[in-house]
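Chains as they are written, first to last, in the numbering used here: chain U, 1 to 133; chain S, 1 to 541.
In short, the hints are calculated from the structure, not lab data.
All values reported here derive from a predicted model rather than from experimental measurement.
Just so you know, even glycine gets a beta-carbon here, dropped at the ideal spot from N, CA and C.
Fair warning: there could be bad hints in the mix.
Footprint (simulated), chain S over chain U, 3 or more residues, beta carbon under 8 Å [stated by the list, open to error]:
hint: 1; region: 91-101
hint: 2; region: 121-130
Selected chain S positions facing chain U (in silico; Cβ < 7 Å) [what the hints assert, rightly or not]:
hint: 3; residue: MET200
hint: 4; residue: MET241
hint: 5; residue: SER309
hint: 6; residue: PRO327
hint: 7; residue: GLU339
hint: 8; residue: LEU340
Here is how the chains run, residue by residue.
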Amino acid sequence: MHDVLTTCVYCGCGCGLYLHVEDAKVCGSQPSRHHPVSRDNLCVKGWHIHESVNHPDRLTTPLIRKGDALVPATWEEALDFTAQQLGSIRDQHGGKAIGVLASAKCTNEENYLLQKFARTALNTNNVDHCARL
Amino acid sequence: MAGLATTFGSGAMTNSINEIENAEVILVSGSNTTEAHPQVARRMLDAVDRGARLIVIDPRRTRLAECAHLHLALRPGTDIPLLNAMMRVLLDEGLADDLFIEMRTENFLALRDMLNRLDLEATAALTGVPLALISQAAQLYGRARKAVICYCLGVTQHVCGTENVQTIANLAMLAGHIEKEDTGVDPLRGQNNVQGACDMGALPNMLPSYQAVANQDYRDKFERAWGVSLPEAPGKTLVEMTHGGAQGSIRGMYIMGENPMLSDPTLKKVEETLRGLDFLVVSDIFLTETARLAQVVFPAACFAEKSGSFTNSERRVQMVRQAVTPPGECRADSEIIMELSGRLGYGMEYNSSAEVMEEIAMLSPIYGGMHHDRLDQSWGLQWPCWDRSHPGTPFLHKYYFTRGRGHFMPAGHTAPGELPDPEYPLLLMTGRIYHHYHTGTMTRKSERLTRECDHAVLQINPADAKAHGLRQGESVRLSSRRGEITLAAEITDQVATGMVYTTFHFHEAPINLLTNDAFDTGSGCPEYKVCAVRVKKMVNS
Ligand code: SF4
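Given the sequences, and given the hints that come with them, work out the whole structure.
Take a look at the structure:
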């Protein structure tokens with residue numbers, strides 16, 4: 001078993017915690033003793049952070065809608081189809097017809113890339129996230 | 001956080017979380033801190049143990065309010081009059097910090113004139129808090145050497161949310177309680193990386209690091225770095241995008257890790273809008289209510305399966321480190337974005353999140369010294385961090401405000417968008433609880449968290465419960481002018497008569513079917529906190 005130091009994702013406090021990893025699975029967590037926010041303490045959400053990681057309901061393949069159902073597809077299909085759809089909306093109606101929602105649950109780097117993607121590839125400033133929620 | 005940005009020039013917590021435990025007076029407004037920000041609450045309670053005074057402004061008798069020396073149980077939506085009354089007391093008692101006002105602020109006369117015209121008695125009556133209590137709170141706050149104000153969604157989620165925040169800033173500047181260690185104004189951010197998402201320019205009117213889209217110089221800078229010409233007009237906000245209706249001007253959406261089908265006010269409108277799109281793609285770790293409406297769903301890697309950084313409420317940028325490989329075919333959102341971007345004719349290539357951060361540091365002054373190697377070897381760095389040798393900034397506005405001088409923005413009372421009437425006689429407030437996080441996409445997958453709390457409850461005062469013949473745990477139908485839901489009654493005197501309270505974590509009882517989509521003009525923040533409802537006991541069949 002080994003530990004990986006990381007940051008809790010459940011609230012804006014940003015506790016430092018160790019994820020216990022065994023057999024390539026996250027199986028528990030523990031607060032960091034010297035981290036300035038956690039100081040050897042987590043709330044109940046931090047202590048159970050591993051449970052959502054291993055949940056059987058996790059999505060594991062791309063899905064594409066066929067009629068009423070979402071059916072598994074390959075990454076190539078899903079990415080090609082998405083690019084083609086977004087591209088045709090952009091080319092027909094302009095970037096202002098596309099909206100992009102970033103996430104307060106994703107990393108800074110991902111949010112940066114997403115807004116860059118919106119402003120460059122999609123040519124739109126319609127990018128926001130749930131800051132207000 | 002438009003309110004603080006206009007008064008101080010920056011919308012973030014001015015202090016570090018740990019500074020809160022050294023304050024002499026802590027004023028908490030509209031924040032159910034023990035449940036939403038446990039570590040901040042811990043600092044507050046530690047401070048109280050050391051002799052600090054705690055003042056809580058909240059319509060409900062929350063756990064924190066029970067620990068407070070003064071609990072100002074105001075009527076929902078009367079925050080501005082309450083704070084104005086406190087400021088008037090500061091003026092009358094000679095507790096305004098004249099030197100600070102003179103040296104560091106502007107537009108004070110406008111505030112003073114407004115306060116001097118205030119009828120104190122009438123204002124206090126409006127809030128429902130006895131004037132003596134208001135005056136006591138104001139004097140405690142005004143006389144302290146070190147005082148912090150913490151606030152949360154309870155303050156910002158009103159029609160007049162921006163003015164609420166500005167009024168809080170007015171109070172802090174009037175008392176000179178800013179710019180020092182252990183003293184300041186601290187908006188507590190709801191989700192873990194809200195601060196980071198804002199910093200990164202995931203905003204319709206701001207490029208990274210709060211460089212306005214409307215400003216030609218900033219656009220030039222990004223156009224040179226990115227090699228494309230950028231759209232000039234600021235974009236649409238989340239609510240504008242998700243409330244356009246079936247035939248709105250938005251035809252396609254890309255939603256990364258958000259679930260507006262549960263978190264947005266007035267869900268019907270959102271559903272109609274999303275269903276009416278020509279194309280919707282969602283990337284998430286679970287098949288959320290929003291993902292179910294999509295044409296394409298991408299399986300994303302979760303926080304334990306990728307590397308990068310988060311920025312917490314106190315502006316601390318810290319590392320998220322990959323612990324395991326993603327399950328099945330899941331991919332990190334950064335990979336997905338790069339794949340799509342290439343296909344759409346704008347190639348992006350980064351070999352690691354560290355490389356992305358190098359670009360962020362180059363283009364965003366407040367992140368100028370944030371590099372992964374530095375973050376990796378420390379407990380993170382607090383922005384502004386201008387360059388590689390800068391140690392980061394634990395508290396803001398020392399010597400000068402980000403915008404130069406602090407700007408007083410006097411505001412009067414704005415009535416909530418919808419008030420109780422004979423047909424819908426109760427006032428509904430919404431919020432979050434300790435065991436769950438936001439829309440519950442992640443936390444509700446946890447067995448233990450679900451065991452602690454597995455269904456939605458409606459808190460109602462014993463007197464109101466009696467009037468409706470309700471007993472503990474019975475089903476009630478809650479309806480507003482926009483919709484109705486069923487949930488279980490929890491009879492408690494945490495809420496006053498005439499008020500009911502519930503949370504928005506459960507898709508079986510989507511409270512946002514009921515709420516009002518009148519929104520704050522300054523920040524585009526939907527008014528979740530207040531709307532008029534009625535309750536009806538369900539008859540068992
Ligand atoms: S452990 Fe609790 S207090 Fe700490 S960041 Fe996670 S959710 Fe917040």
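Structure-based check of each hint:
Chain S is given as covering the region 91-101 of chain U, and this holds because 8 residues of the stretch bring a CB closer than 8 Å to a CB of that chain, at least three being needed. With 10 residues carrying a beta carbon less than 8 Å from a beta carbon of chain S, the region 121-130 of chain U meets the three-residue requirement, and the given coverage holds. Given hint, MET200 (chain S) at the interface with chain U, holds; its Cβ is 4 Å from that chain's nearest Cβ, closer than 7 Å. Taking 7 Å as the C-beta contact cut-off toward chain U, the hint placing MET241 (chain S) at the interface holds, the least distance being around 4 Å.
Taking 7 Å as the C-beta contact cut-off toward chain U, the hint placing SER309 (chain S) at the interface holds, the least distance being around 5 Å. With a cut of 7 Å, the hint placing PRO327 (chain S) at the interface with chain U holds, because the nearest CB-to-CB distance is about 6 Å. The interface hint given for GLU339 (chain S) holds, since its Cβ lies 5 Å from the closest Cβ of chain U, which is under the 7 Å cut-off. Annotation: interface hint on LEU340 (chain S) holds; nearest CB of chain U at approximately 5 Å, less than 7 Å.
Comparing the model with each earlier hint shows no violations; every hint is respected.
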